[in-house]
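Asker: Here's the letter readout for the chains.
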Amino acid sequence: KAGVTQTPRYLIKTRGQQVTLSCSPISGHRSVSWYQQTPGQGLQFLFEYFSETQRNKGNFPGRFSGRQFSNSRSEMNVSTLELGDSALYLCASSSTANTGELFFGEGSRLTVL
Amino acid sequence: QQQVKQSPQSLIVQKGGISIINCAYENTAFDYFPWYQQFPGKGPALLIAIRPDVSEKKEGRFTISFNKSAKQFSLHIMDSQPGDSATYFCAASWNTNAGKSTFGDGTTLTVKP
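Going down the list, the protein sequences come from chains A and B.
As numbered in my numbering, residues 7 to 119 make up the first sequence, in order.
As numbered in my numbering, residues 16 to 128 make up the second sequence, in order.
FYI, nobody ran anything at the bench for these hints, they're computed from the structure.
Glycine included, each C-beta is placed from N, C-alpha and C at the ideal position.
Honestly, I wouldn't trust all of these hints.
[To be verified] Non-contacting residues of chain A with respect to chain B, defined by C-beta distances greater than 10 Å in every case (computed):
#1 R61
#2 P67
#3 L108
[As the list claims (entries may be wrong)] Across the chosen pairs, the derived CB separations fall in these ranges:
#4 P97/B / G68/A: 42 to 52 Å
#5 F66/A / F54/B: 24 to 34 Å
#6 S101/A / K73/B: 16 to 26 Å
#7 G31/B / T20/A: 42 to 52 Å
#8 T11/A / H91/B: 39 to 49 Å
#9 R66/B / N62/A: 15 to 25 Å
#10 S57/A / G31/B: 46 to 56 Å
#11 G31/B / F66/A: 17 to 27 Å
[To be verified] Computed footprint of chain A on chain B, listed as stretches where at least three residues anywhere in the stretch have a Cβ under 8 Å from a Cβ of chain A:
#12 59-73
#13 83-97
#14 116-122
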């Protein structure tokens with residue numbers, strides 16, 4: 007069974023640009039969550055999507071947005087990039103059985119110059 | 016407000032020793048407490064998890080001890096090996112909100128040969 011796939015793995019952007027990250031969850035998983043990981047702030051919850059609907063949202067500005075498609079694949083977008091947005095963005099999927107376990111991808115490393 | 020506090024930030028243990036990482040939570044609504052292990056360049060992966068109806072869970076060399084009254088839980092790694100060197104995160108969530116997990120800041124474990 008394939009794991010969670012995130013693309014791109016690495017990207018470099020400049021301030022003011024926007025970026026779109028993609029995530030393909032494990033087959034059959036309908037919940038997709040996004041987390042921002044930085045050395046200073048640890049893993050911070052961004053948002054969760056379930057069946058194309060945003061189910062939960064973390065404390066991030068409106069520049070951070072996401073969506074989920076009918077095949078459960080998800081994208082997140084960050085507009086007007088700031089230096090502080092440099093981070094590893096992790097996507098995680100979980101099953102509808104609500105076992106509590108998150109399956110993470112390897113992340114997309116964003117560097118903002 | 017940080018809802019899950021993890022300590023220590025870093026830990027160095029000799030091969031064969033016991034590694035102990037502690038976490039404390041604030042929200043008594045949490046009912047799922049997992050530990051994730053993350054290697055460099057990889058996403059976190061579930062190591063072991065516990066629910067508040069038990070005080071201890073053991074899987075191989077890994078044990079979670081849970082103290083509901085103190086709102087604390089800890090990870091014990093017995094017979095620590097160099098391959099255990101990684102960053103460990105404790106987390107907490109509501110079972111029905113697994114996608115929205117709250118993570119500790121992480122502990123970097125180094126096991127010296």
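Asker: Which earlier hints can't be squared with this structure?
Answerer: Violated hints: 1, 3, 8, 11 and 13; rest satisfied.
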